[in-house]
Amino acid sequence: MSRSYDSRTTIFSPEGRLYQVEYALEAINHAGVALGIVAKDGIVLAAEKKVTSKLLEQEESAEKLYHIGDNMVCAVAGLTADANILINYARRVGQQYLQTFNEEMPCEQLVRRVCDLKQGYTQYGGLRPFGVSFLYAGWDHIHGYQLFQSNPSGNYGNWQANSIGGNSTSIQSLMRQEYKEDINLEEACAMAVKFLGKTLDNNSLTDEKIEFATISKDEEKGRMVCKILRPKEINEVLTKCQSDAQPQSERA
Amino acid sequence: MSRSYDSRTTIFSPEGRLYQVEYALEAINHAGVALGIVAKDGIVLAAEKKVTSKLLEQEESAEKLYHIGDNMVCAVAGLTADANILINYARRVGQQYLQTFNEEMPCEQLVRRVCDLKQGYTQYGGLRPFGVSFLYAGWDHIHGYQLFQSNPSGNYGNWQANSIGGNSTSIQSLMRQEYKEDINLEEACAMAVKFLGKTLDNNSLTDEKIEFATISKDEEKGRMVCKILRPKEINEVLTKCQSDAQPQSERA
Amino acid sequence: MSRSYDSRTTIFSPEGRLYQVEYALEAINHAGVALGIVAKDGIVLAAEKKVTSKLLEQEESAEKLYHIGDNMVCAVAGLTADANILINYARRVGQQYLQTFNEEMPCEQLVRRVCDLKQGYTQYGGLRPFGVSFLYAGWDHIHGYQLFQSNPSGNYGNWQANSIGGNSTSIQSLMRQEYKEDINLEEACAMAVKFLGKTLDNNSLTDEKIEFATISKDEEKGRMVCKILRPKEINEVLTKCQSDAQPQSERA
Amino acid sequence: MSRSYDSRTTIFSPEGRLYQVEYALEAINHAGVALGIVAKDGIVLAAEKKVTSKLLEQEESAEKLYHIGDNMVCAVAGLTADANILINYARRVGQQYLQTFNEEMPCEQLVRRVCDLKQGYTQYGGLRPFGVSFLYAGWDHIHGYQLFQSNPSGNYGNWQANSIGGNSTSIQSLMRQEYKEDINLEEACAMAVKFLGKTLDNNSLTDEKIEFATISKDEEKGRMVCKILRPKEINEVLTKCQSDAQPQSERA
Amino acid sequence: MSRSYDSRTTIFSPEGRLYQVEYALEAINHAGVALGIVAKDGIVLAAEKKVTSKLLEQEESAEKLYHIGDNMVCAVAGLTADANILINYARRVGQQYLQTFNEEMPCEQLVRRVCDLKQGYTQYGGLRPFGVSFLYAGWDHIHGYQLFQSNPSGNYGNWQANSIGGNSTSIQSLMRQEYKEDINLEEACAMAVKFLGKTLDNNSLTDEKIEFATISKDEEKGRMVCKILRPKEINEVLTKCQSDAQPQSERA
Amino acid sequence: MSRSYDSRTTIFSPEGRLYQVEYALEAINHAGVALGIVAKDGIVLAAEKKVTSKLLEQEESAEKLYHIGDNMVCAVAGLTADANILINYARRVGQQYLQTFNEEMPCEQLVRRVCDLKQGYTQYGGLRPFGVSFLYAGWDHIHGYQLFQSNPSGNYGNWQANSIGGNSTSIQSLMRQEYKEDINLEEACAMAVKFLGKTLDNNSLTDEKIEFATISKDEEKGRMVCKILRPKEINEVLTKCQSDAQPQSERA
Amino acid sequence: MSRSYDSRTTIFSPEGRLYQVEYALEAINHAGVALGIVAKDGIVLAAEKKVTSKLLEQEESAEKLYHIGDNMVCAVAGLTADANILINYARRVGQQYLQTFNEEMPCEQLVRRVCDLKQGYTQYGGLRPFGVSFLYAGWDHIHGYQLFQSNPSGNYGNWQANSIGGNSTSIQSLMRQEYKEDINLEEACAMAVKFLGKTLDNNSLTDEKIEFATISKDEEKGRMVCKILRPKEINEVLTKCQSDAQPQSERA
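As they're listed, the protein sequences go chains A, B, C, D, E, F and G.
Residue numbering for the first sequence follows our numbering, starting at 2 and increasing by one per position.
Residue numbering for the second sequence follows our numbering, starting at 2 and increasing by one per position.
Residue numbering for the third sequence follows our numbering, starting at 2 and increasing by one per position.
Residue numbering for the fourth sequence follows our numbering, starting at 2 and increasing by one per position.
Residue numbering for the fifth sequence follows our numbering, starting at 2 and increasing by one per position.
Residue numbering for the sixth sequence follows our numbering, starting at 2 and increasing by one per position.
Residue numbering for the seventh sequence follows our numbering, starting at 2 and increasing by one per position.
The set of hints was computed from the structure by calculation and includes no laboratory data.
Nothing here was measured: the structure is a model prediction, and the numbers come from that model.
Do not rely on the hints blindly, as some may be mistaken.
[Stated by the list, open to error] Below, in silico cross-link-like pairs of lysine to any residue (SDA-like), each with a Cα-Cα straight-line distance of 25 angstroms or less:
hint, chain 1, residue 1, chain 2, residue 2
1, F, Lys233, G, Ser54
2, A, Lys41, G, Ser54
3, B, Lys222, B, Ile143
[Said to hold, decoys possible] Derived, one-sided and incomplete: chain F residues facing chain G with beta-carbon distance under 10 angstroms:
hint, residue
4, Asp7
5, His31
6, Thr101
7, Gly126
Idealized CB from N, CA, C, for every residue including glycine.
Take these sequences, add in the hints, and give me the full structure.
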């Protein structure tokens with residue numbers, strides 16, 4: 002009987018815990034890792050693809066990174082089907098704001114709306130929590146570049162660098178050691194590649210196993226550009242980073 | 002008590018698994034196999050019929066392959082009644098799009114809509130997941146020929162070749178070995194016949210046990226043709242393929 | 002605990018089975034048998050009445066065969082009360098189609114609508130599956146004479162000859178041996194009588210224990226006639242068939 | 002665990018039975034018996050009153066027989082409160098038909114409507130079946146005098162003579178032996194008295210323990226008369242029948 | 002497991018019983034007794050008050066007897082809060098009838114409406130039966146003085162004398178022995194006092210422990226008067242009856 | 002199993018008890034005591050505050066006594082949050098009446114409305130009873146000063162003196178001994194102080210532990226005044242009463 | 002079985018307790034502490050941040066303190082996601098009041114509305130209580146500076162000083178010893194710092210671990226100012242307080 006506290010989102014255990022939320026987090030721990038780093042002049046998101054097969058359509062199938070609006074992109078860890086529902090919701094909320102106020106929705110406001118939806122699934126009967134964590138990278142006029150992390154409970158936080166998914170704990174401790182506030186986007190990318198390299202099984206990172214996205218200002222067009230990199234672009238980043246990283250790791 | 006995590010879609014197990022979704026996948030493993038292969042100039046879907054009886058109406062009763070729109074066809078593995086509901090839904094969604102925008106719905110958008118519906122059945126109380134996997138073959142102006150695979154969880158992926166149902170694992174490993182990107186539709190058909198031949202019990206493939214569908218451009222009419230083959234046409238493909246396959250298997 | 006998978010339609014068992022649907026099929030196995038045979042020039046449905054009493058109103062009480070529309074008739078095996086609900090639904094759907102498009106609904110479309118309703122009762126909470134199987138005999142302009150069989154799961158198939166209910170397995174094996182495609186309606190009737198005679202307890206078939214329906218073209222009126230035979234007519238068929246059957250069974 | 006199949010209407014047992022419906026029938030077996038007999042020129046319903054007390058208001062309190070419309074009367078066995086709900090429903094349905102089409106609703110159509118309602122209570126969650134069986138005696142232009150029997154499952158049948166409630170099995174076997182089709186209403190009444198006399202505890206039938214209703218044509222007024230007999234009238238029937246019955250039983 | 006049939010109104014036990022209804026009746030057996038007697042020229046209701054305290058407001062607090070309309074009064078046994086809900090309902094129903102047809106609602110019709118409501122609480126999920134029995138005393142133009150008894154199942158009956166609550170069985174047996182049809186209201190009151198006196202613990206009946214109501218024709222005003230007696234009036238009745246009763250009990 | 006009757010408001014136990022209602026009463030027994038006494042010229046309510054801390058805002062925080070309308074005040078024992086909901090409801094109901102009829106709602110009518118709401122929470126599924134008892138003190142034109150007591154079951158009674166909460170039983174027995182009908186408000190206050198003094202742990206009553214409210218006629222303004230006393234006023238009452246009480250307790 | 006009382010908000014335990022509410026309080030005991038102190042000329046709220054990481058965005062992420070309106074701020078202890086929902090609700094309620102009446106909503110009224118919502122989650126099925134306690138600091142024209150504390154049960158109280166969360170008991174006892182009513186805001190801040198210093202693990206309070214908010218009158222602008230301090234401002238307060246506190250702790 003003592004174990005029945007874990008079968009519904011609508012029960013607190015005697016210690017005040019919501020087991021279903023913790024089990025949903027467990028589902029996320031089996032997912033590939035994703036990380037995000039805020040730099041002075043942009044943000045980088047990087048994620049590990051778990052399903053890799055040469056039969057997968059490379060060009061089209063983003064598995065971990067999704068556009069939410071013109072100034073926002075997110076990384077996903079957990080059940081992809083659950084993530085789709087929430088991303089749809091986020092996009093719709095963002096578009097409604099854009100349509101009403103004629104400007105992009107502030108990032109935190111959007112993140113909060115999605116989190117409020119998530120919270121509901123931890124409190125009402127006949128539902129299970131969404132089995133998915135997010136890293137939202139975004140930019141708005143008020144707070145500039147921002148990185149939010151949210152989880153199945155509906156909590157969220159504003160971070161300078163964070164990670165979600167399988168190896169997130171070890172990446173987070175690497176971040177605490179090595180993150181510096183005044184890096185630029187290029188250094189942030191290098192750092193992302195380095196962190197992934199240390200935690201993934203094989204050291205050789207390839208465009209088949211990694212997804213990348215960046216937000217930065219396109220100086221020419223004078224506006225934010227938020228792009229998910231194609232395999233070829235990922236390869237460029239990887240080779241560039243790895244050649245740079247070599248001396249770094251020697252220094253280490 | 003520890004086994005009660007498997008009785009509702011609204012509970013995560015302590016390991017973060019949704020047992021009902023996994024059990025639905027088990028239902029699909031008892032179904033006949035279906036496979037799809039993308040070629041340069043078209044896509045082929047092939048499926049094994051499990052219920053065969055000379056009393057079945059041959060001409061009319063497609064058991065595994067269904068038209069969704071003018072440019073899309075899908076193969077089904079699992080509970081046929083569940084599949085009917087989803088195919089109806091897909092057709093309705095596609096028609097609404099066509100009516101609104103006066104062009105065929107992009108394939109991925111359609112697949113995603115169906116998958117979002119499926120996801121809901123894994124999260125809300127008083128429901129069971131749909132016990133059916135799909136292979137969608139389609140063509141649209143943006144991405145050309147595409148093959149999507151989806152399952153009861155509501156996940157989907159974009160593949161160059163994949164299979165669902167009973168013997169899908171062995172067919173998938175054959176695919177990984179033998180699939181080449183630059184094949185044409187005829188070679189893809191031959192490959193499909195070969196793969197089915199290796200996994201079905203008796204090597205002699207007949208029009209009673211196999212269903213075939215292709216999407217390709219009809220050069221004369223200058224538009225896509227998406228057709229489910231009639232028994233006679235299947236026989237032609239089979240005899241052609243088997244005569245071709247003979248030397249191939251010798252070479253192997 | 003391991004047996005609790007069978008108590009709700011909304012749970013898959015670990016083997017991917019829906020026990021409630023299988024139990025509903027069990028209910029049907031206690032019902033009287035019904036069979037249908039497609040001939041070149043018509044279809045015959047025949048069914049065994051289980052409740053027989055000389056106190057029953059003979060003329061009026063069809064127990065197993067029901068008109069659905071002008072071109073369609075169905076045989077029922079299972080819970081009569083459940084069947085009534087579905088037949089009402091089928092009639093209403095058919096009439097709505099007729100009213101909208103001014104022609105009889107194509108048979109398969111009608112069958113499918115009823116089956117979609119049935120499927121819902123296997124997927125949503127707080128419901129049990131309909132405990133009834135159907136044989137639909139119909140005719141439409143597109144596919145001519147058709148025979149559909151459906152069961153509690155919501156599956157259906159297009160058959161040339163099939164049977165449902167208590168002794169359906171043995172009748173089906175008889176059908177596989179003796180059915181020929183080019184028979185005419187008269188021969189189909191004889192075959193139906195023969196099959197029932199072999200499976201029912203007492204060999205003496207009477208109008209109290211058998212119900213008969215046929216669909217055929219009335220050449221004079223130039224339109225389809227779909228009729229459920231009255232006891233007197235059944236007797237005529239029986240005596241005619243049995244006198245014919247005698248030599249046949251000698252030949253056998 | 003194996004006994005839990007009997008606790009909900011929404012579960013089939015592994016043998017395909019609905020235990021709750023069977024238990025509802027059990028409730029009916031504790032009720033007083035009621036019977037109906039169709040004659041050439043009318044129908045008679047007779048019922049045994051279980052609650053008898055000289056403190057009961059004799060004139061007004063029909064316990065077992067109820068008018069439904071001008072041409073229809075029914076006998077009830079089971080939970081009276083449940084019966085009231087269904088009789089209200091039947092009356093309302095009948096009145097709506099009368100108002101719409103300006104003629105009495107055909108008997109079977111009315112019976113069927115009530116049975117469809119009953120069926121719903123055997124299939125949906127959170128409900129129990131109606132614990133009541135009915136004998137409907139009616140007359141319409143199409144089929145003349147008719148007697149329908151229905152039970153908690155929602156099944157119904159068209160009978161020439163039948164009975165429901167406590168001793169119905171023994172009365173039914175008496176009926177099978179003695180019922181003849183060409184009797185007139187007077188003989189049917191006598192038969193009813195005789196059957197009740199044989200099954201009730203004490204042979205002396207009184208107006209306190211029996212209720213009677215008849216439908217017949219009032220030749221003078223030229224229309225159907227459907228009446229529930231008052232105690233005095235019942236006594237007349239009883240004395241008349243018993244004096245007639247004496248010689249009959251001697252002949253037997 | 003075998004005892005779980007008693008936990009829901011929506012389950013029949015294997016013997017066809019509804020335990021929750023029987024348990025509700027048990028609640029009523031703990032309540033004070035109430036009785037009603039129909040006389041030639043009126044009806045009397047009398048009830049035993051269980052909660053007696055000199056701190057209770059004597060004048061205002063009717064605990065067992067309530068007006069329903071101008072011609073109707075009822076006695077209650079069971080949960081008072083449940084009774085309030087039903088009395089409100091009865092009053093509203095009666096007023097709506099009065100407003101629509103401009104005459105008092107016939108008694109049985111009103112009783113039936115309340116009973117239909119009660120029945121629903123024995124058949125639908127998530128509810129418990131009303132834990133209250135009623136004695137309705139009323140008068141209408143059609144049937145004159147009437148006394149109805151109803152219980153938690155929704156059954157009701159038309160009686161000349163009956164009682165509900167704690168000692169109702171013994172009072173009912175007294176009634177069967179002593180009730181005569183041609184008594185007048187005064188004799189009925191005396192009878193009521195006598196019956197209560199025999200069943201209550203202490204023989205000394207007081208206006209603190211008894212409530213009284215009568216319906217009779219006020220000959221002067223020429224209309225029905227339906228009044229609940231005040232303590233002083235009760236005392237008058239009691240003293241009058243007890244002085245009369247002395248000789249009666251001697252004769253007994 | 003036998004103890005499961007106590008887990009839902011929708012089940013009667015075999016003895017006809019509603020355990021959840023009894024458990025709610027248990028919650029009230031842990032609350033501070035409250036009492037009310039009707040005098041010739043007013044009513045007094047007094048209550049014991051359980052949460053006492055010098056950090057509490059003294060002036061503003063009534064914990065046990067609440068205004069309902071201009072002529073009504075109530076004392077609460079039990080869950081404060083539950084009480085708030087019911088007090089809100091009572092206020093709204095009272096205001097609607099005032100607005101509709103332009104006079105204060107009669108006390109009993111208002112009390113009854115709140116009790117009907119309470120009753121619903123003891124009969125419908127998915128709810129728990131309100132864990133709170135009330136003492137309503139009010140005045141209206143019809144019945145003058147009135148004191149009602151209600152509890153979680155939805156029962157209520159009209160009392161001259163009563164108490165609710167923790168020590169209510171001992172206070173009630175004191176009341177039965179000492180209450181006299183013809184006291185004036187001042188004597189009633191003294192009596193209230195005396196009763197509280199005898200039951201509370203420490204004899205020294207302070208304005209921190211006691212709340213007081215009175216309803217009486219303000220002779221100058223010629224209308225009812227219904228006031229909850231401020232700490233200073235309570236102190237005045239206490240000192241006045243205690244100096245008076247001294248001789249009384251000596252006489253005792 | 003005896004432990005099942007703790008699994009639903011809709012059950013009282015036999016002792017009249019709502020275990021789910023108590024478990025929710027347990028969740029709050031794991032949260033960081035928050036405290037509030039009312040001074041003559043303002044209120045101070047202070048809270049301990051549990052999640053501290055140099056990777057967190059310092060400027061933007063208030064974790065424990067939130068604005069509700071122009072004159073109100075609150076501190077939170079418990080599940081942040083639950084708190085967000087309630088804060089949204091409070092803000093919306095406050096804005097609606099402002100819009101309707103053109104003045105700030107009185108503090109207690111707003112607090113009460115939020116508490117009523119909370120109460121509902123402790124009484125209705127299929128929900129769990131909100132796992133969050135609040136300290137509301139506010140100012141309105143009627144009662145000036147006010148501090149309310151509320152918890153998952155929906156109870157609230159008006160305090161001069163109080164605390165919620167992990168170490169609240171020890172802080173409360175410190176408050177009882179040291180709080181004086183006539184302090185000014187500066188002294189209240191010092192007191193807050195002192196209390197937090199005594200209960201937190203390491204004595205060295207930093208702007209990373211503490212959040213501060215004050216409400217006071219801006220004499221220049223002549224209106225209330227309600228501000229959440231930025232890290233730099235917190236540091237100023239801390240250094241100021243600690244230098245002041247030194248002598249204080251020596252005096253102690």
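Hint validation: Gly126 (chain F) versus chain G, beta carbon distance must be below 10 angstroms. Holds or violated? Since the shortest Cβ distance to chain G is 7 angstroms, the answer is holds.
Taking 25 angstroms as the top limit, are the C-alpha atoms of Lys222 (chain B) and Ile143 (chain B) close enough? Roughly 20 angstroms between the alpha carbons, so the hint for Lys222 (chain B) and Ile143 (chain B) holds.
Interface hint compliance - Thr101 (chain F) to chain G, C-beta minimum distance less than 10 angstroms: Hint on Thr101 (chain F): violated, closest Cβ of chain G at ~23 angstroms, above 10 angstroms.
When the nearest CB of chain G is found for Asp7 (chain F), is that gap smaller than 10 angstroms? Because about 7 angstroms separates Asp7 (chain F) from the closest Cβ in chain G, which is inside the 10 angstroms limit, the hint holds.
Can the restraint linking Lys233 (chain F) and Ser54 (chain G) be considered satisfied, given a maximum Cα separation of 25 angstroms? violated, 52 angstroms
Going by Cβ atoms only, is His31 (chain F) closer than 10 angstroms to chain G? With Cβ-Cβ at 6 angstroms, under 10 angstroms, it holds.
Does Ser54 (chain G) sit within 25 angstroms of Lys41 (chain A), going by the straight-line distance between their CA atoms? holds, 19 angstroms
Checked against the numbered hints above, the structure breaks hints 1 and 6 and satisfies the rest.
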